[in-house]
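Put chain E on the given structure of chain P with help from the hints.
In order, the protein sequences belong to chains P and E.
So that you can map any letter, position 70 of the first sequence is 70 in our numbering, and since no number is skipped, the others follow by simple counting.
So that you can map any letter, position 84 of the second sequence is 84 in our numbering, and since no number is skipped, the others follow by simple counting.
No lab work stands behind these hints, which were simulated from the structure alone.
Beta carbons: idealized from backbone N, C-alpha and C, even for Gly.
Misleading hints may appear alongside valid ones.
[What the hints assert, rightly or not] Under the rule of at most 30 Å between Cα atoms (straight-line distance), these lysine-lysine pairs were calculated in the DSSO-like manner:
| id | chain 1 | residue 1 | chain 2 | residue 2 |
| --- | --- | --- | --- | --- |
| 1 | E | LYS89 | P | LYS299 |
| 2 | E | LYS16 | P | LYS195 |
| 3 | P | LYS299 | E | LYS63 |
| 4 | E | LYS58 | P | LYS172 |
| 5 | E | LYS16 | P | LYS172 |
| 6 | E | LYS58 | P | LYS296 |
| 7 | P | LYS185 | E | LYS16 |
| 8 | E | LYS65 | P | LYS138 |
| 9 | E | LYS74 | P | LYS327 |
| 10 | E | LYS43 | P | LYS296 |
| 11 | P | LYS299 | P | LYS327 |
| 12 | E | LYS125 | E | LYS43 |
| 13 | P | LYS305 | E | LYS84 |
| 14 | E | LYS25 | P | LYS299 |
| 15 | P | LYS181 | P | LYS138 |
| 16 | E | LYS15 | P | LYS195 |
| 17 | E | LYS58 | P | LYS138 |
| 18 | E | LYS88 | E | LYS65 |
| 19 | E | LYS63 | P | LYS296 |
| 20 | E | LYS15 | E | LYS43 |
| 21 | E | LYS25 | E | LYS15 |
| 22 | E | LYS58 | P | LYS299 |
| 23 | E | LYS15 | P | LYS185 |
| 24 | P | LYS182 | E | LYS16 |
| 25 | E | LYS16 | P | LYS138 |
| 26 | E | LYS21 | P | LYS182 |
| 27 | E | LYS65 | P | LYS299 |
| 28 | P | LYS172 | E | LYS21 |
| 29 | E | LYS43 | P | LYS305 |
| 30 | E | LYS15 | P | LYS138 |
| 31 | E | LYS89 | E | LYS74 |
[What the hints assert, rightly or not] Where chain P lies over chain E, by a calculated footprint (3+ residues, C-beta under 8 Å):
| id | stretch |
| --- | --- |
| 32 | 54-62 |
| 33 | 93-102 |
| 34 | 120-128 |
Listed below, chain by chain, are the residues.
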Amino acid sequence: MKITGKTTYQLPIGPIHPALKEPVMFEFEVDGERIVNVNVRLGFVHRGVEWTATQRNPIQILYLAERICGICSYCHPMAFSLAVEHAAGIEVPERADYLRVIHGELERICSHILWAGVAAHEIGFDSVLFLTWQMREKGVDLTEYLTGNRITKGITMIGGVRRDITPDMHPKIQETLQYYKKNLKKLQQVFLDDKTFQMRCKDCGVLSKEDAIKLCAVGPTARASGVKKDVRLDQGYFAYSDLDFNYITPDIHTGEVHGDVYDRIVVRLLEIQQSIALIEQCLNQMPAGPIVSEPKIAKLLTTLKNATGEGIGRMEAPRGEVFHYVKLTAQDTPYAWKVRAPTYNNILPWIPMLINQQIADIPIVAASTDPCMSCTNRVTIVKNQGTSFLDKEDLHRMSIQKTRRLQL
Amino acid sequence: MRFPMILQLLRQLFKKPHTNKFPTKYTPSSYTRFFADVHDGKKTMGVPVETPPGFRGKIQYEKDKCIGCQLCLKVCPSEAIEFKAEEKKIKIFLARCTFCSQCNDVCPVNCLSMSNEFLLADTDKYATDLIVE
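One chain only, chain P, in its complex shape (with noise of 0.2 Å):
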């Protein structure tokens, strides 16, 4: 009789998939609950958004660009506008660069506070979830006092931002800081003291060190693995370097790094506690000048028209670092616009996070990096109404092509 060995079973999920919230497709390869191997795919919501750049001119990008991620809709646009002042040449006045900081910092408090609840809500902890999206419901308020709408900001402008922040609007924003300080204690009791997501967290996903660093894993992820990268530390763009914080590792709060889900989570939520902390800085630090260097729009588009150069932008979203490349030459329009948006750093470190865990430990996995698939989507390959991928040897083998020809 024959005797048939361990086989391993084919888990593909996705690209549409309910227990997802946007399309990525995994295929795993599992061996009971354990996953021996996982492969990620991406390109399913390619949107075409750097094509549609390239028809518009930098003040209308402007509000393209904050409609690549609808939680990062300040870090989009304000990268794109350091390139475009690294190509331009154009300089931003100082206030203007505190009130930059002011807004980066505010939406880092809303995008951490939101993942922390999706993270509980992964996990089965939905009243963790309503609590958390109650107290970030008073960062939007803020948001929408300081920029005029809750989500999509509006406030960048090249050169500077659009509205200032005047004395009277001090008060409030006082207020929903000290909400903020009284209510994160609470908040971190209950994520890093429950019993339940020490026992569904701890040891969960881990990332070492070696891998982040190898992998390029950026932002919250890459720190939580122990490795000391930040943009706003490292670049001191706006008036980062002005201000007085430090590089956050989970060793601060519990002593060492183990780079699971817990650290990740650790990460966050002392990064909440460090914006509240560089918030309170600038407004006391702001200096008082004009808050963008060209006012005149009309002016500053004959500005930009005239510009050639080529610039690039980097920023700590709160996601990571994303970084923005914009090409000028002298048109209406720039003449290349490339995104990489954090996620797309996040993505590999997911496969040595998700081998050897289990099936029900993928969702919180995979949120753990706080993913975001459409900003990350630039690239799609449609041909005869199918979908061909170009992998590493078929690039190889065109290049060989393209050497032959050009021998004859």
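Here is chain E on its own, set in the frame of chain P:
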């Protein structure tokens, strides 16, 4: 403490819900009929959360002030503004508008402003309520 959320949940039992019930406390069987009734004055809508100063709602256009410079057309990110050449005035399609108020900022004569009106849902994108001219 092993389950710190318990206290919060018990406290929550005696608190009012955080959510503002808008437009109604309970979902009506048909929203279309409900809004028709509200329009006729038979029913009343709940009170929405107040908008802060500087909120960007429906655009207001002062036609007499407009000089037809077309700068707003140039900066509108969603191309929601149409230029009426014979009149030298503009027409704004709110169904396309993204409420960024960039046209307000660029206008040299300040003929555009944002109101705090935000209830603009409609089944017809060319409804008179959604076209400002």
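The hints, checked one at a time:
no., hint, verdict
1, E/LYS89 / P/LYS299, "22 Å, holds"
2, E/LYS16 / P/LYS195, "28 Å, holds"
3, P/LYS299 / E/LYS63, "24 Å, holds"
4, E/LYS58 / P/LYS172, "25 Å, holds"
5, E/LYS16 / P/LYS172, "23 Å, holds"
6, E/LYS58 / P/LYS296, "24 Å, holds"
7, P/LYS185 / E/LYS16, "22 Å, holds"
8, E/LYS65 / P/LYS138, "39 Å, violated"
9, E/LYS74 / P/LYS327, "20 Å, holds"
10, E/LYS43 / P/LYS296, "48 Å, violated"
11, P/LYS299 / P/LYS327, "20 Å, holds"
12, E/LYS125 / E/LYS43, "26 Å, holds"
13, P/LYS305 / E/LYS84, "26 Å, holds"
14, E/LYS25 / P/LYS299, "50 Å, violated"
15, P/LYS181 / P/LYS138, "12 Å, holds"
16, E/LYS15 / P/LYS195, "26 Å, holds"
17, E/LYS58 / P/LYS138, "24 Å, holds"
18, E/LYS88 / E/LYS65, "12 Å, holds"
19, E/LYS63 / P/LYS296, "22 Å, holds"
20, E/LYS15 / E/LYS43, "28 Å, holds"
21, E/LYS25 / E/LYS15, "17 Å, holds"
22, E/LYS58 / P/LYS299, "27 Å, holds"
23, E/LYS15 / P/LYS185, "20 Å, holds"
24, P/LYS182 / E/LYS16, "20 Å, holds"
25, E/LYS16 / P/LYS138, "17 Å, holds"
26, E/LYS21 / P/LYS182, "27 Å, holds"
27, E/LYS65 / P/LYS299, "22 Å, holds"
28, P/LYS172 / E/LYS21, "24 Å, holds"
29, E/LYS43 / P/LYS305, "55 Å, violated"
30, E/LYS15 / P/LYS138, "17 Å, holds"
31, E/LYS89 / E/LYS74, "14 Å, holds"
32, 54-62, "holds (count 3)"
33, 93-102, "holds (count 5)"
34, 120-128, "violated (count 0)"
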